[in-house]
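Colleague: Residue-level listing of the chains:
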Amino acid sequence: MRKVRVAVVGAGVVGLSTAVCIAEAIPQSDVTVLADRFTPDTTSDVAAGVLFADEFPDIPLEQQRRWFQRTFDHLLAIADSPEASPAGVFLCSGCQVFREVPDDGKPFWSDYVLGFRTMTDKELRRFPQYKFGQAYTTLTCECTAYLPWLQSRLVKAGGQMKHEKVTDLHQLGQRYDVIINCSGLGARDLVGDGEVYPVRGQILKVQAPWLKHFVRVSDGQTYIYPGMAGVTLGGTRQIGDWRLETDAEESEGIMERCCLLEPSLRGAVCQGVKVGLRPGRRNLRLEREMLHLQGHRVPVVHNYGHGGWGITLSWGTALDALQLVQQCLNEHPPPAKL
Amino acid sequence: MRVAIIGAGVIGLSTAQALLERHHSMGTSLTVEVYADCFTPLTTSDGAAGLWQPYLHDNGKTLETKWNKETFDYLLGFLSSPDSIRMGIFLQSGYNLCSERCPDPSFKDIVLGFRELTKRELELFPGYSFGWFNTALVIEGKHYLPWLTNWLKERGVRFFHRKINSFKELAESGVNVIINCTGVRAGELQPDPELMPGRGQIIKVNAPWLKHFILTHNFARGVYESPYIIPGSHLVTVGGVFQLGNWSEQSNSTDHKKIWDEACILEPSLKHATVVDHWTGLRPARKTVRLERETMQFGPMTCEVIHNYGHGGYGLTIHRGCALEVARLFGEILDQGARKAHSNL
Numbered sequence: 000m001r002k003v004r005v006a007v008v009g010a011g012v013v014g015l016s017t018a019v020c021i022a023e024a025i026p027q028s029d030v031t032v033l034a035d036r037f038t039p040d041t042t043s044d045v046a047a048g049v050l051f052a053d054e055f056p057d058i059p060l061e062q063q064r065r066w067f068q069r070t071f072d073h074l075l076a077i078a079d080s081p082e083a084s085p086a087g088v089f090l091c092s093g094c095q096v097f098r099e100v101p102d103d104g105k106p107f108w109s110d111y112v113l114g115f116r117t118m119t120d121k122e123l124r125r126f127p128q129y130k131f132g133q134a135y136t137t138l139t140c141e142c143t144a145y146l147p148w149l150q151s152r153l154v155k156a157g158g159q160m161k162h163e164k165v166t167d168l169h170q171l172g173q174r175y176d177v178i179i180n181c182s183g184l185g186a187r188d189l190v191g192d193g194e195v196y197p198v199r200g201q202i203l204k205v206q207a208p209w210l211k212h213f214v215r216v217s218d219g220q221t222y223i224y225p226g227m228a229g230v231t232l233g234g235t236r237q238i239g240d241w242r243l244e245t246d247a248e249e250s251e252g253i254m255e256r257c258c259l260l261e262p263s264l265r266g267a268v269c270q271g272v273k274v275g276l277r278p279g280r281r282n283l284r285l286e287r288e289m290l291h292l293q294g295h296r297v298p299v300v301h302n303y304g305h306g307g308w309g310i311t312l313s314w315g316t317a318l319d320a321l322q323l324v325q326q327c328l329n330e331h332p333p334p335a336k337l
Numbered sequence: 000m001r002v003a004i005i006g007a008g009v010i011g012l013s014t015a016q017a018l019l020e021r022h023h024s025m026g027t028s029l030t031v032e033v034y035a036d037c038f039t040p041l042t043t044s045d046g047a048a049g050l051w052q053p054y055l056h057d058n059g060k061t062l063e064t065k066w067n068k069e070t071f072d073y074l075l076g077f078l079s080s081p082d083s084i085r086m087g088i089f090l091q092s093g094y095n096l097c098s099e100r101c102p103d104p105s106f107k108d109i110v111l112g113f114r115e116l117t118k119r120e121l122e123l124f125p126g127y128s129f130g131w132f133n134t135a136l137v138i139e140g141k142h143y144l145p146w147l148t149n150w151l152k153e154r155g156v157r158f159f160h161r162k163i164n165s166f167k168e169l170a171e172s173g174v175n176v177i178i179n180c181t182g183v184r185a186g187e188l189q190p191d192p193e194l195m196p197g198r199g200q201i202i203k204v205n206a207p208w209l210k211h212f213i214l215t216h217n218f219a220r221g222v223y224e225s226p227y228i229i230p231g232s233h234l235v236t237v238g239g240v241f242q243l244g245n246w247s248e249q250s251n252s253t254d255h256k257k258i259w260d261e262a263c264i265l266e267p268s269l270k271h272a273t274v275v276d277h278w279t280g281l282r283p284a285r286k287t288v289r290l291e292r293e294t295m296q297f298g299p300m301t302c303e304v305i306h307n308y309g310h311g312g313y314g315l316t317i318h319r320g321c322a323l324e325v326a327r328l329f330g331e332i333l334d335q336g337a338r339k340a341h342s343n344l
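Chains as they are written, first to last, in numbering that gives the first Met the number 0: chain A, 0 to 337; chain B, 0 to 344.
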């Protein structure tokens, strides 16, 4: 039987994770990642990479929990190994603060991070404008290191990468037996999914190596995420905003809000400003369909729309995508070599 | 009133500060001088990682626990000030690991968010079956000491780079009160069989992905004789050894290997950390801190001495509480002097 030719469209954290899962689990696969942008130019590269998620409204909570848990466990194993620094994965502790006590209790992933608990009054004194907080230890996964690490892992498993802008899945119909669509925001054009929209995020990277904890305000608009080479200060969540250019006024706003949370930041040197467009969608799309491309029936697995939780759900959704691919291959194995 | 402080580590400098804060109303009638043969960045305080944490159990030394708490609360108060970075103070959370269950530590109600480690967390540290997680502070001597020095200089304190060989020499020069903050070498001024060096050796590495302190405790081996990893503002300190009675200030390759090998088992990611430096320091180890007054007679002259040394591996942890206590004892000296002057009328 000849190799199964798999195309993964998109080389962000979701595309590469999916590609690696497939290449490693299906030895007879020949996986190619196709993208117009590779690290360090993907959306994933802009993200601070702290594992955290909000709920998708219509996806069963059990499934979302599983995505979170599997990604967390996968990354925890890396953090607890010599691979931690080459892969850019490490434990980080910190808190999320709320102006009012939330009525929805604990987030769905509270059992999967480490040591999740409510903040004590003494801890809250650092945040006089906030009445409530949750403290825990989670993981940070920096894609500027993690994506190259995944790429190495893909190559070791026999996969490859190709610089190619895929504007239409029809381009791939003849060359591939299975297509995985991890095009993120690009799915809007690639498969005509009007439900995909950008959620613009601007961040600052500052030098503040004394900061060891993350702090996040519950509305997701203000956060401080210490990384390996700098601290990410955020942020913005502008729905429907396609601007890739940085905005000086927004930078000032971010700096001001973060300094209120963490006064020591006033001494921090700014290393840069970046913008990323989160691939927003009401619900993440993870499903398969059969398409007719250039006279071929080609199974397509969609894995996109992760919003601001791409890194957080990357491995878990990749494993589900793998399962869908395996189902496709079982139902329609590629023709044997004659 | 001339006060001479011997020693310019964290104890000497913070004591000078507390004296001035408490007795500034004396104005120019109080002169404070600091004498030392060693200043920042070469003191023991400069080399220490600076994690605020007392030994696990205080064995009844409730006064020391009180001083530790005063220091923690004092330092915590600076966090909301933009000065905190220049002072070298920042928060840090981390792990205390034990090979067996043991009683709660003396600092459990002092630090923030103290809790036992969960089973999943302990799985990250094979060989350790019990432990705690909490948020504490780091106070880096190499920033804190210059900040203190500045504070003192701004208030007219004079510094003398000179080794003091006897209390007598200072008394004879007209000093009324001597504060003895000479740390591990206090025995040179007055023999103290309870004071011994607790030699420590550390390795400084570049590992910016490490955000937590990890301290291990091996009750058979003793305090600090077990690996620890403490991230600093730039580099990560890896230790530890605690060799009682060893005066060598040279780094030793056997110790280096033991420290490194054990730390790499504890934290596998260290494999890719670059070693930047190493350092050896002598902790001024003593069963208890010596913090007390002593009146010395040199012929017709009386000189009041306040001893403040023997802080072991927790000088930075306890410094403020001790400094306040010295300031209180100094107040007693002033009162006695005033009463005596009064009674002489």
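I should point out that these hints are in silico values taken from the structure, not numbers from a laboratory. Possibly wrong hints are sitting among the right ones.
As the list claims (entries may be wrong) - Distance ranges between label pairs, derived from CB positions:
| no. | chain 1 | residue 1 | chain 2 | residue 2 | range |
| --- | --- | --- | --- | --- | --- |
| 1 | A | 244 | B | 100 | 54 to 62 Å |
| 2 | A | 54 | B | 98 | 36 to 44 Å |
| 3 | B | 25 | A | 124 | 48 to 56 Å |
| 4 | B | 59 | A | 60 | 48 to 56 Å |
| 5 | B | 270 | A | 159 | 44 to 52 Å |
| 6 | A | 130 | B | 162 | 52 to 60 Å |
| 7 | A | 110 | B | 59 | 49 to 57 Å |
| 8 | B | 122 | A | 124 | 31 to 39 Å |
| 9 | B | 252 | A | 121 | 24 to 32 Å |
| 10 | A | 60 | B | 205 | 40 to 48 Å |
| 11 | B | 152 | A | 110 | 52 to 60 Å |
| 12 | A | 127 | B | 260 | 45 to 53 Å |
As the list claims (entries may be wrong) - Rough simulated footprint, nothing fancy, chain A against chain B, three-plus residues with beta-carbon under 8 Å:
| no. | stretch |
| --- | --- |
| 13 | 106-114 |
| 14 | 291-299 |
As the list claims (entries may be wrong) - Dumping the calculated BS3-like pairs for lysine-lysine here, alpha-carbon to alpha-carbon at most 25 Å:
| no. | chain 1 | residue 1 | chain 2 | residue 2 |
| --- | --- | --- | --- | --- |
| 15 | B | 286 | A | 121 |
| 16 | B | 107 | B | 118 |
| 17 | B | 68 | A | 121 |
| 18 | B | 256 | B | 65 |
| 19 | B | 141 | A | 105 |
| 20 | B | 118 | B | 68 |
| 21 | B | 203 | B | 256 |
| 22 | A | 155 | B | 270 |
| 23 | A | 130 | A | 155 |
| 24 | B | 107 | A | 130 |
| 25 | B | 107 | A | 121 |
Backbone N, C-alpha and C define an ideal beta-carbon position, used for all residues, glycine too.
Colleague: Three residues minimum, CB to CB under 8 Å: does the stretch 106-114 of chain B make the cut for coverage by chain A? Let me know.
Modeller: Check passed, 3 qualifying residues.
Colleague: Holds or violated: residue 286 of chain B and residue 121 of chain A, Cα atoms, limit 25 Å.
Modeller: violated, 32 Å
Colleague: For residue 122 of chain B and residue 124 of chain A, compare the CB-CB distance with the range 31 to 39 Å and indicate the outcome.
Modeller: holds, 33 Å
Colleague: Lying within 54 to 62 Å: is that true of the beta-carbon distance residue 244 of chain A to residue 100 of chain B?
Modeller: holds, 57 Å
Colleague: Given the range 52 to 60 Å, decide if the beta-carbon distance of residue 152 of chain B to residue 110 of chain A lies inside it.
Modeller: holds, 54 Å
Colleague: Is residue 118 of chain B close enough to residue 68 of chain B, meaning Cα to Cα at most 25 Å?
Modeller: Status violated; Cα separation ~29 Å.
Colleague: Would you mind confirming whether the straight-line C-alpha gap from residue 107 of chain B to residue 118 of chain B stays at or under 25 Å?
Modeller: holds, 20 Å
Colleague: Count the residues of the stretch 291-299 of chain B whose Cβ falls closer than 8 Å to any Cβ of chain A, and tell me whether that reaches three.
Modeller: violated (count 0)
Colleague: Is the hinted pair residue 107 of chain B and residue 121 of chain A satisfied, with a Cα-Cα distance of at most 25 Å?
Modeller: holds, 13 Å
Colleague: Per the hint of 48 to 56 Å, is the separation of the Cβ atoms of residue 25 of chain B and residue 124 of chain A within bounds?
Modeller: violated, 34 Å
Colleague: Has the hinted range 24 to 32 Å been met by the Cβ atoms of residue 252 of chain B and residue 121 of chain A?
Modeller: violated, 44 Å
Colleague: Does residue 256 of chain B sit within 25 Å of residue 203 of chain B, going by the straight-line distance between their CA atoms?
Modeller: Holds. Residue 203 of chain B to residue 256 of chain B sits at ~13 Å (cutoff 25 Å).
In summary, the structure is inconsistent with hints 3, 5, 7, 9, 14, 15, 18, 19, 20, 23 from the numbered list given earlier, while agreeing with the others.
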